[in-house]
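Going down the list, the protein sequences come from chains A, B and C.
The first sequence finishes on residue 325 if you use this note's numbering, and the numbering steps up by one all the way, no holes.
The second sequence finishes on residue 652 if you use this note's numbering, and the numbering steps up by one all the way, no holes.
The third sequence finishes on residue 934 if you use this note's numbering, and the numbering steps up by one all the way, no holes.
Be a bit skeptical, because a hint or two may be false.
Each computed BS3-like pair below joins lysine-lysine, with the alpha-carbon atoms no more than 27 angstroms apart [as the list claims (entries may be wrong)]:
{"id": "1", "chain 1": "A", "residue 1": "211", "chain 2": "C", "residue 2": "793"}
{"id": "2", "chain 1": "C", "residue 1": "923", "chain 2": "A", "residue 2": "203"}
{"id": "3", "chain 1": "C", "residue 1": "699", "chain 2": "C", "residue 2": "923"}
{"id": "4", "chain 1": "A", "residue 1": "203", "chain 2": "B", "residue 2": "477"}
{"id": "5", "chain 1": "C", "residue 1": "793", "chain 2": "C", "residue 2": "775"}
{"id": "6", "chain 1": "B", "residue 1": "345", "chain 2": "A", "residue 2": "28"}
{"id": "7", "chain 1": "A", "residue 1": "57", "chain 2": "B", "residue 2": "557"}
{"id": "8", "chain 1": "A", "residue 1": "211", "chain 2": "C", "residue 2": "699"}
{"id": "9", "chain 1": "C", "residue 1": "793", "chain 2": "C", "residue 2": "821"}
{"id": "10", "chain 1": "B", "residue 1": "345", "chain 2": "C", "residue 2": "813"}
{"id": "11", "chain 1": "A", "residue 1": "211", "chain 2": "C", "residue 2": "868"}
{"id": "12", "chain 1": "C", "residue 1": "813", "chain 2": "C", "residue 2": "775"}
{"id": "13", "chain 1": "C", "residue 1": "775", "chain 2": "C", "residue 2": "923"}
{"id": "14", "chain 1": "C", "residue 1": "793", "chain 2": "B", "residue 2": "345"}
{"id": "15", "chain 1": "A", "residue 1": "203", "chain 2": "C", "residue 2": "878"}
{"id": "16", "chain 1": "C", "residue 1": "775", "chain 2": "C", "residue 2": "699"}
{"id": "17", "chain 1": "A", "residue 1": "203", "chain 2": "C", "residue 2": "826"}
{"id": "18", "chain 1": "C", "residue 1": "878", "chain 2": "A", "residue 2": "211"}
{"id": "19", "chain 1": "C", "residue 1": "923", "chain 2": "C", "residue 2": "793"}
{"id": "20", "chain 1": "C", "residue 1": "878", "chain 2": "C", "residue 2": "775"}
{"id": "21", "chain 1": "A", "residue 1": "28", "chain 2": "B", "residue 2": "558"}
{"id": "22", "chain 1": "C", "residue 1": "868", "chain 2": "C", "residue 2": "813"}
{"id": "23", "chain 1": "C", "residue 1": "868", "chain 2": "C", "residue 2": "921"}
{"id": "24", "chain 1": "C", "residue 1": "826", "chain 2": "C", "residue 2": "775"}
{"id": "25", "chain 1": "A", "residue 1": "57", "chain 2": "A", "residue 2": "69"}
{"id": "26", "chain 1": "C", "residue 1": "813", "chain 2": "C", "residue 2": "793"}
{"id": "27", "chain 1": "B", "residue 1": "557", "chain 2": "A", "residue 2": "211"}
Derived from the structure by calculation, the hints contain no laboratory data.
All values reported here derive from a predicted model rather than from experimental measurement.
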Amino acid sequence: MTALVPAAPAFDPRLRVSDGVRRWRNLKSGLVSALCVLGAVVVVTPLALVFGYLVFKGAGSLNWDFFTKTPAPVGETGGGIAHAIGGTFLLIGMASLVGIPVGVLGAIYLTEYARPAFAARVRFAADVLNGVPSIVWGIVAYGIFVLPGGSPLSLGKFSALAGAATLAFIMIPLIVRTAEEVLLLVPNGYREAGLALGIAKWKISLHIVAKTAFRGILTGVLLAVARISGETAPLLFTALGNNDWGRGLGEPIAALPLQIYAYAISPYDDWHRQAWAAALVLLLVVLTMNLSLRFLTRERIVKVARRQLPTDVPPAAPVAQAHAG
Amino acid sequence: MSALAEPLVPVANSVAARMKPVSRLSDNAFRWLCLAMASVVLLLIVLVGWQLASGAWSTLRQFGVSFFTRSVWDPVQNDYGALPFIYGTAVSSLLALLVATPLAVATAIFLTEIAPRWMRQPVVFLVEMLAAIPSVILGLWAIFVLLPLLPKHVFPALKSALGWIPLFSGSTSSGYTMLSAALVIAVMILPIITSVSREILRSVPDLQREAAYGLGATRWEVTRIAVLSYAKKGIFGAMILGLGRALGETMAVTMVIGNANKISPSLFAPGNTLASVIASQFAEATDDTYRNALVAVGLVLFVLTLLINYVARLLLRLGGAQTGAVS
Amino acid sequence: MSAETPRPVVAVRMPSAPSSAPADVAPTNPPAVAVSARDVNIFYGAKHAVIDATLDIPARSVTAIIGPSGCGKSTFLRCLNRMHELTPGARMTGSITLDGENLYAPEIDPTVVRRRVGMIFQKSNPFPTLSIGDNVTVGLKLNGIRDRAFLRERMEDALRKAALWDEVKDDLSKPGNSLSGGQQQRLCIARAVAVQPEVLLMDEPTSALDPIATLKVEGLIHDLAKNFTIIIVTHSMQQATRVSDQTAFFYLGRMVEFAPTTELFNNPKQKETEAYISGRFG
């Protein structure tokens, strides 16, 4: 450096930083770092607190009866929440049965068949729907499925079907967006290679394109399922809840989140105790789904998929890296 | 010529003879099936719009603009003004944002600038798990753990320090308050602001940091000059995104806010938000006028969320473009 | 080039020099014409990518298409199995026949065309979710062939034709993208060969390969010409002279000259051809 510069400028004494200033700057830097560490601790504390309390207050109530019995009559202790666990899985199952195929096939249409203008319109609609607060889904579904005469699909009463349909509504735009993003990551070369072999386009879409993106699609699906498992608000006016096994899909049905809500705001200590236990069960279900995702997929896909959950955050840079296997 | 014209393989054994004939039918059927599924998304948005608009129509026609400006909410007299809920939503969300943003940004800085590499993934993982906690569980925890604590230890201290501001005046006896709701919302929106801010900070090119370090800046100076000034827009976008979620937060809020249909100057008093009033009253609204008024509240919530999310997306796109252009 | 394996001398239609060519190489036994293009024009939106291309490609030989980038050679290649139709806004006029059958007849499904006219791409693209063996048979399986013994037999035959059998016969269940770049490209050739097309289109098949892998693929092309009609687009004139029996030169969307390879390179009839092969542009 100095060899190339003809005359190295002499050090200007005015540039000298006094020890005091340097010490103050380092101190300030250290202080802010400490604050950031503190911030991070505060952010993860609620998780530890909630999980800790659920285990502390709920684990003791987990017994055979809790998982196999329905609630005892008001005032008596004992009983369980078998009906709510069953109801939750039934609702998730029915919603998935509708939501997953609709979402995945819809996404396949967007990436494999649709004209750009149509795809943009659907994408925009899905983004809007993904931002709809879940309580709003609740009133919309009430108007369609529950309100007598509200629509041709209305049963005129609260029902398991209405609850499942509401959850499916929430799933569909979520899955469409995540699946679309991962399908777009499949390089075009695979589609062309398939076509050049004289394979029908629909088989290429399913057996080659969708299969290549399978893990990514599965991630999106699991995230959507995990999300609806904990939803309470959309079920309040559709599935309603039930203190026993429902008599059929056309009747109100219990669900874990609804049961927790009902028990939590009730005046009975024994129900509070059961609310903690039910919450522990629900949290374990939801966390298990989220954990399994991490082992299932690489981080990049999880990120693409998770980004859809709150509302659409556009990627800072265009997706360039292809996902292969 | 004749030698060349001979088939390469005996016809019976040829691939072409064994392949299924090409069928346009199955291709078209699949295409139409997928089109129908994609159209469901468009159908859903029409359904949402139509349900909300048709329900809210009679309410808005009956009360006009005063629906948004009056603070009467009287199901007995069938007289409705949604101002208390608009106020409640605005105050609780903004307060939550005020609490959550510094913590979230600090965590994001910790994760990108300070924490040793081995620590980053586990902390990110914990933040994601916090996001996975269902709202109703947080509500349960808040009712039985947070609410007994706040009026005993936190509220009196706040009152003695800030009591001269009307927001911190009044009785501090109950835990079911606007402030409790704001704290619960803050916890709910922490993960989203943290993870989006982290993405934004990570997208700041390392060259920026190296340049600042090269000038002899301390770690905080590097973060402030090279990173934060760069990521300002994006972090603001993350905040607005958090606001969009705060507006719609329902269950935990309903469980702790106290469900009062009036505006109280004090944060130590109960209130209601747009989302929580629907959750707590819709099931009992058997009267058409009452139910439609709540649907109108839902429409307000929907439109607000839509606008906020749109702004957030715009900001994040700008912020992303800004950081992406240099790298 | 054709010294060690003499091929039937070909008669080619040369629009630019119609009078001289037939006299020079008058064939006693004209070979079958596999692909015949007549007045082919291809447009991408407003862009006129290929202008009035007319040529007859003889069966079971290697035809090279050369020309500077952007001259329309790849576009022309892709319209031979109707792959250009995947590009939005692409349009084609004129006619292309395969063994006398119009590939663009309204009742012909492009899928049928592509079963008869296979394609190898610039970048090797074995399906990442399939094993090596399944990559070869996927074109058969997804076209409805279930007979395991037959699939097995076709797989071995295709891998042998692609000179890959000895290298992969013990690893047939490994993923297709575990192979080296050159092997992947030969796997793609095996995959295309397995469905027994009549014509194989190759779009710069060695441009992503190292010299040794390139030589291997070139030797393979040579052997494949015993069974298939091969049309190869290449940016390398050396490659054209090494592998092809006849060469077409495209320039600015027009087919300028089409002649037996040795003739085109030693004795070009057109000024543009001469300028290109002597390296004055492109």
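Fill in: Straight-line alpha-carbon gap residue 775 of chain C to residue 923 of chain C, limit 27 angstroms
Violated, because 33 angstroms separates the two Cα atoms, which is more than 27 angstroms.
Worksheet entry | Restraint status (C-alpha distance of residue 923 of chain C to residue 793 of chain C at most 27 angstroms) | Violated, at roughly 50 angstroms.
Item to complete: Take the C-alpha atoms of residue 923 of chain C and residue 203 of chain A, compute the straight-line distance between them, and say whether it is at most 27 angstroms.
Response: Not OK: residue 923 of chain C and residue 203 of chain A at ~49 angstroms, beyond 27 angstroms, violated.
Item to complete: For the pair we were handed, residue 211 of chain A and residue 793 of chain C, check the Cα-Cα distance against 27 angstroms.
Response: holds, 15 angstroms
Discussion item. Can you confirm whether the C-alpha distance between residue 826 of chain C and residue 775 of chain C stays at or below 27 angstroms?
Written reply: holds, 20 angstroms
Discussion item. So if I understand the rule, the pair passes when the alpha-carbon distance is 27 angstroms or less; does residue 868 of chain C with residue 813 of chain C pass?
Written reply: Roughly 12 angstroms separates the two Cα atoms, so the pair holds.
Worksheet item: Is the straight-line distance between the alpha-carbon of residue 203 of chain A and that of residue 878 of chain C 27 angstroms or less?
Response: violated, 32 angstroms
Fill in: 27 angstroms limit on alpha-carbon distance, applied to hinted pair residue 813 of chain C and residue 793 of chain C
Holds: residue 813 of chain C and residue 793 of chain C sit about 19 angstroms apart, inside 27 angstroms.
Worksheet entry | Restraint check for residue 878 of chain C with residue 775 of chain C, where alpha carbons must lie at most 27 angstroms apart | With Cα atoms ~25 angstroms apart, residue 878 of chain C and residue 775 of chain C stay inside 27 angstroms; holds.
Item to complete: Measure nothing beyond the straight line between the CA atoms of residue 878 of chain C and residue 211 of chain A; if it is 27 angstroms or shorter, mark the hint as holding.
Response: violated, 36 angstroms
Worksheet entry | Pair hint outcome, residue 203 of chain A versus residue 826 of chain C [Cα-Cα no greater than 27 angstroms] | holds, 23 angstroms
Discussion item. What's the verdict on residue 813 of chain C and residue 775 of chain C, does the C-alpha distance respect the 27 angstroms limit or exceed it?
Written reply: Cα-Cα ~20 angstroms, so holds.
Violated hints, listed in ascending order, are 2, 4, 6, 7, 8, 11, 13, 15, 18, 19, 23 and 27; each of the other numbered hints is respected by the structure.
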